[in-house]
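Keeping their order, the protein sequence lines are chains A and B.
Each step along the first sequence adds one to the number in the working numbering, with nothing skipped, and position 81 is 81.
When you read off a place in the second sequence, starting at 1, and then add 1000, the result is the number in the working numbering.
No lab work stands behind these hints: they were computed from the structure.
These numbers were taken from a predicted model, which means no experiment stands behind them.
Treat each hint with caution, since some may be false.
To be verified - Taking beta-carbon pairs under 8 Å as the criterion, some of the chain A residues facing chain B (in silico):
1. Gly42
2. Pro43
3. His105
4. Phe106
What the hints assert, rightly or not - Residues of chain A clear of chain B, computed beta-carbon distances all greater than 10 Å:
5. Gln6
6. Asn7
7. Gln84
8. Pro103
9. Gln104
Glycine residues also receive a C-beta, built at the ideal position from the N, C-alpha and C atoms.
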Amino acid sequence: DTGVSQNPRHKITKRGQNVTFRCDPISEHNRLYWYRQTLGQGPEFLTYFQNEAQLEKSRLLSDRFSAERPKGSFSTLEIQRTEQGDSAMYLCASSLGGASNQPQHFGDGTRLSIL
Amino acid sequence: TQLLEQSPQFLSIQEGENLTVYCNSSSVFSSLQWYRQEPGEGPVLLVTVVTGGEVKKLKRLTFQFGDARKDSSLHITAAQPGDTGLYLCAGLQSYNNNDMRFGAGTRLTVKP
C-alpha cells in the first residue's frame, strides 16, 4: 500500500495528557498537510510542510499544538495538555508540489477522543 | 461562515434516481477538488477541475466548474447504493495555493 498512512487510528486519553500522532506520506510527495475534522464539518487546515520546512500555520493551531517533519518524510503532530475541545479526527494529506493541479491525497486519520 | 457552501446538506434518494449537489462561494479558486468520504476513513479524491467552465466525467459522475471559478456542481446519474457517502468540495484559493478550504459536505444516502 503506497498511500498516506496514519497511526494510531484511534486514541482515547484523559484531559490534560499529551498525545502524538504520526503521518507517513506518499513517498515522492514533498508537501505534507495536517487537518482537523469535527462531526458534520469538512476538514479544517492546520499546517503544512514543504520538505522539512513548516511554511504555514493556521490560527487554529494553538501553542499547545506542534508539528514536525524532521527529515522531510514522516511527520508528527503533538498536542500538549489536551482539552475536550481537541476531540476530532486529525487528517494528514500529501501532495507532489503545490501547483493548483496537484491534488492532496489523504490518510484515514487519527480519531482523538478526550475523556 | 464557510468559505464554500455546499447544498443540500443531506440527500436521501432511491437507487436509480439522478441528483445534483452544489458547491458555491463568493471567492475565486485556482482549482477545485471533489472528494468522497466514508465513515472512519479519510477523503478520497474524485476529481480536480482547474479551468473555468470545465466539465469532467467519471463514469456516472459529471463535475462542472463555473465559468468564474467560484462554484461547482456534481451530478450523479442512476445513483447506486455504493454512491452513499459524504461528498466534499475543496478549493485552492487563487492568492494562496497552499490554503485548501473545504465545504461542510453533502451527505448522500442511496437506498436500494
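Checked hints:
1. Because the closest C-beta pair between glycine 42/A and chain B is about 3 Å apart, less than 8 Å, the hint holds.
2. The criterion of a C-beta within 8 Å of any C-beta in chain B is met by proline 43/A, whose closest approach is roughly 5 Å, and the hint holds.
3. A cut of 8 Å between beta carbons decides the hint on histidine 105/A: the least distance to chain B is about 6 Å, and the hint holds.
4. Taken as an interface hint, phenylalanine 106/A checks out: its beta carbon lies about 4 Å from the nearest beta carbon of chain B, inside 8 Å.
5. Distance check on glutamine 6/A: its Cβ comes as close as 8 Å (rounded) to a Cβ of chain B, failing to clear the 10 Å threshold; non-interface status is violated.
6. Taking the minimum C-beta to C-beta distance to chain B, about 13 Å, the non-interface status of asparagine 7/A holds against the 10 Å cut.
7. Even its closest Cβ contact with chain B, about 21 Å, leaves glutamine 84/A beyond 10 Å, as expected for a residue assigned away from the interface.
8. A Cβ of chain B approaches the Cβ of proline 103/A within 10 Å, the least distance being about 5 Å, so the stated non-interface status is violated.
9. For glutamine 104/A, the shortest C-beta to C-beta distance to chain B comes to about 6 Å, within the 10 Å cut-off, and the non-interface label is violated.
Taken one by one, the earlier hints fail for this structure at numbers 5, 8 and 9, listed in ascending order.
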